[in-house]
Amino acid sequence: EPEVTQTPSHQVTQMGQEVILRCVPISNHLYFYWYRQILGQKVEFLVSFYNNEISEKSEIFDDQFSVERPDGSNFTLKIRSTKLEDSAMYFCASMGWDRLNTEAFFGQGTRLTVV
Amino acid sequence: QKEVEQNSGPLSVPEGAIASLNCTYSDRGSQSFFWYRQYSGKSPELIMSIYSNGDKEDGRFTAQLNKASQYVSLLIRDSQPSDSATYLCAVKGNSNYQLIWGAGTKLIIKP
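Protein chains in written order, with the numbering used here: chain A, 1 to 115; chain B, 1001 to 1111.
Excised from the complex, chain A in its bound form (with noise of 0.2 Å):
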């Protein structure tokens, strides 16, 4: 059965790095979202992305994330410059678009902690 794949599974990074976390999404689906959650609160959507471009993004989504779909297959999160809220799981998640068919299939998810 497909799958979105997300690595790493954890990323541990100090206060003020980069980080870039990897998705592999669904390889028909066309449209592709990275969502967070906090440790004991609510899934929080961060952004969407189709044809290339960003489709939507939420007010958590500032300048310091950015998105990529650098080949076919992968989609990345870059996040400059690390804060210690950032700490979360980050959620990649695809979707197929036919009147028939808007599910969003989710990745296993990247436990990212700052420190």
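Keep in mind that the hints are not guaranteed to be accurate.
[Claimed, not checked] When the alpha-carbon atoms are kept at most 27 Å apart in a straight line, the in silico DSS-like pairs for lysine-lysine are as follows:
#1 B:K1067 - B:K1042
#2 A:K42 - B:K1002
#3 A:K78 - A:K57
#4 A:K83 - B:K1042
#5 B:K1056 - A:K78
#6 B:K1067 - A:K42
[As the list claims (entries may be wrong)] Residues from chain A that keep clear of chain B, each with C-beta distances beyond 12 Å, as calculated:
#7 T13
#8 G16
#9 E18
#10 D63
#11 S73
#12 R80
#13 A93
#14 V115
If you're looking for bench data, these hints aren't it; they were derived computationally from the structure.
Predicted, not measured: the structure shown is a model, and the values here were computed from it.
The beta carbon of each residue, even a glycine, is placed where N, CA and C say it ideally should be.
On the provided structure of chain A, position chain B as indicated by the hints.
For chain B alone, coordinates are given in the frame of chain A:
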């Protein structure tokens, strides 16, 4: 502000009984509704999607949607200890693609 509300629980249900989870949403234009299950430290796992009013059944799970009341529910029949998890309700509007999430209901199935 588009919101999705869920009772945080925990909801405790005896093994073999029916667990009933509820969700309300504020955006009347919402078109797609999803239930995800999340085990502690894991990613959300899609259980059910529902797009039209009424019931949709899949195995032990039944999703119910009432757009007039802006209400969606999930019933789990013959509850098993492995069903113990947090259940997240997520809603998508017609004109955007992001999911709006509830905070989740923690379900505990007692053997």
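Against the structure, the hints come out as follows:
{"no.": "1", "hint": "B:K1067 - B:K1042", "verdict": "30 Å, violated"}
{"no.": "2", "hint": "A:K42 - B:K1002", "verdict": "14 Å, holds"}
{"no.": "3", "hint": "A:K78 - A:K57", "verdict": "14 Å, holds"}
{"no.": "4", "hint": "A:K83 - B:K1042", "verdict": "23 Å, holds"}
{"no.": "5", "hint": "B:K1056 - A:K78", "verdict": "39 Å, violated"}
{"no.": "6", "hint": "B:K1067 - A:K42", "verdict": "24 Å, holds"}
{"no.": "7", "hint": "T13", "verdict": "19 Å, holds"}
{"no.": "8", "hint": "G16", "verdict": "27 Å, holds"}
{"no.": "9", "hint": "E18", "verdict": "24 Å, holds"}
{"no.": "10", "hint": "D63", "verdict": "20 Å, holds"}
{"no.": "11", "hint": "S73", "verdict": "19 Å, holds"}
{"no.": "12", "hint": "R80", "verdict": "23 Å, holds"}
{"no.": "13", "hint": "A93", "verdict": "8 Å, violated"}
{"no.": "14", "hint": "V115", "verdict": "19 Å, holds"}
The earlier numbered hints that this structure contradicts are 1, 5 and 13.
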